[in-house]
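Colleague: Spelled out, the chains give:
Protein chains: 2
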Amino acid sequence: MSENKSTQIQLVRRPAGMPVAEDFRTVTVELPDLGENQVRVRNEFISVDPYMRGRMNDSKSYIPPFELGETMQGSAVGRVIESTSPEFSEGDLVTHFLGWRDIAQADAQAFTQAQELGDVASSVYLGALGLTGMTAYMGLMKVAELKEGDNVFISGAAGAVGSMVGQIAKLKGAREIIGSAGGSEKTALLTQRFGFTQGIDYKAAPILTQLEEAAPNGIDVYFDNVGGDHLEAALNSFNRYGRAALCGAISVYNEKDPNSIPGPRFMTNIVTRSLSMKGFVLQDYLQFAQEFREEIAPHFISGEITYDETVVEGLHNALDAFFGLFSGKNTGKMVVEI
Amino acid sequence: MSENKSTQIQLVRRPAGMPVAEDFRTVTVELPDLGENQVRVRNEFISVDPYMRGRMNDSKSYIPPFELGETMQGSAVGRVIESTSPEFSEGDLVTHFLGWRDIAQADAQAFTQAQELGDVASSVYLGALGLTGMTAYMGLMKVAELKEGDNVFISGAAGAVGSMVGQIAKLKGAREIIGSAGGSEKTALLTQRFGFTQGIDYKAAPILTQLEEAAPNGIDVYFDNVGGDHLEAALNSFNRYGRAALCGAISVYNEKDPNSIPGPRFMTNIVTRSLSMKGFVLQDYLQFAQEFREEIAPHFISGEITYDETVVEGLHNALDAFFGLFSGKNTGKMVVEI
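Protein sequence lines, in the order shown, are assigned to chains W and S.
With the first letter of the first sequence counted as 1, position 169 gets the number 169 in UniProt numbering; the numbers rise by one all the way through.
With the first letter of the second sequence counted as 1, position 140 gets the number 140 in UniProt numbering; the numbers rise by one all the way through.
Wrong hints could be hidden among the right ones.
All copies of an identical chain are treated as equivalent in the list; a pair is satisfied when it fits inside any one copy or across any two copies.
In silico SDA-like pairs for lysine to any residue, Cα to Cα no more than 25 Å straight-line [as the list claims (entries may be wrong)]:
1. Lys172 to Pro298
2. Lys203 to Gly328
3. Lys170 to Thr310
4. Lys142 to Arg25
5. Lys147 to Ile63
6. Lys142 to Tyr285
7. Lys142 to Asp58
8. Lys170 to Pro298
No lab work stands behind these hints, which were simulated from the structure alone.
Using the sequences and the hints given, assemble the complete structure.
Modeller: Pasting the structure below:
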């Protein structure tokens, strides 16, 4: 690839339901020479995430919608190939949010230095040591306020965030750590690889009854990546003072009209059991980012925390990688290697 | 009435759906002479409350279900007519929780001294200055964490709790105070009597669209007495960081199978707008009871806080009073005068 051209994927149409290739276009642009205090980076990995689907809608949300005709924003990690900034030198590993492109060029402030991690691929900065791990930590510890001895239920547990939630729960002394995943293979990973006490294959039988059986003593904390029937199952199984951290609702992201869908049953349990249910976004908890890194990085480097990645090769396959998120093609964090 | 007999209403069958007279019986019992440190009280008023319907079911809840064959428990206020306790003298005004009976007799510790309030009827201790007012205060200030300038929506706003919520919100500097009530008469009370900025008659048109129109700038706090379509309307109109305090769900109390009812639409807004939704019961906030009395009593005594009562005469009409709660026959706190 030429280093003064940048190939980028842009959103050109707001998807109706499931996104399709025609909602995007790939462009290659000539890069101007670096201006003052600018940096040019060759990306090693870019991130594709379920939340991006939400930003494709033109609707009220916590972050503004993606603009049509603009390059898809998102986390990425790469190496500096040219710099006019005193803060960055050629070869530096950096993270940024400039998204789906092979070469990123911008003012120095758009980039953050990242520590070299030896044999660990830099893609970890898009996941376990990046926004994914931080999301898991904030939701579990700051939103749901996990306490030692709590029984925890995590939906989408084999996913990037979910598998981190389970491992952090274990480090923090949770008793039962029950995860749900789709299919026997992913479900097996929960106990065999990520240290969950129980795994539920939600495709095998209704999650409601499976969770009842898995948690005869009820659950105290629920980390929700899925919504819908999983949230309903949690509401049914909650003990008094149960706390739900709502991180995502992948079950409805691709509905053409999510607001037409009835909510879960068992809503009256919120009153009768004094439950709390909180939606959150990472950006409101960034004051704990340093705490997260200090508490979690050692366990990661020591290998106590493991993570799965699904690596798709090549920017030209980024769309397939993104689409694959919604049909469960990834195990763990989905990244695209450039 | 004889003062050594006590007439009492007991639950004898768990209601299926709406309670009926056959679920109860009235008994008159001979009272034994007072034992050591006991008190006999002639009730002036007893309380009938929607939450009592929940306790009639044999289900997991924050307080144990009523026992069959036992006298209905609940708040009451009366005067001491006989005492072997040094703490109580004949004529003292006391509150207690011994419920639906004309004469209450028990150990002294079952009774609490109440301040005389001059011309104000003692029934106020069952409402505005009692559990009702405290519930309003705790939900609004401690659960939903009202801040000055917030826009507030209150369902069941002409009710005992709802009308207190609105008035406390005003004292605390809320901007828009929007209440819903059933029918034009009750709705008019909200603005004319209780100082709400807007009243919505939910029987006139769907609450969803009416709230959208009443709150073009959205709502920040929702105090829920109703559940169902009202909760859905709140979810739709919430601003980012909106907080719901869920106090009751009278819309479903009499459903034979409340858990079969789908929840509200717009649940995904909990994630996309970082909403919080908390059920609560007063007993978890009693540490703020003193704060409540200190902050609110002066406004009540000065007449700044007003309240409505529906007084039904006679213990023999207590069941009709209770049933009337579910068909909206009360305006404000429903009490039975003995």
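Colleague: Which hint numbers doesn't this structure obey?
Modeller: 4 and 7
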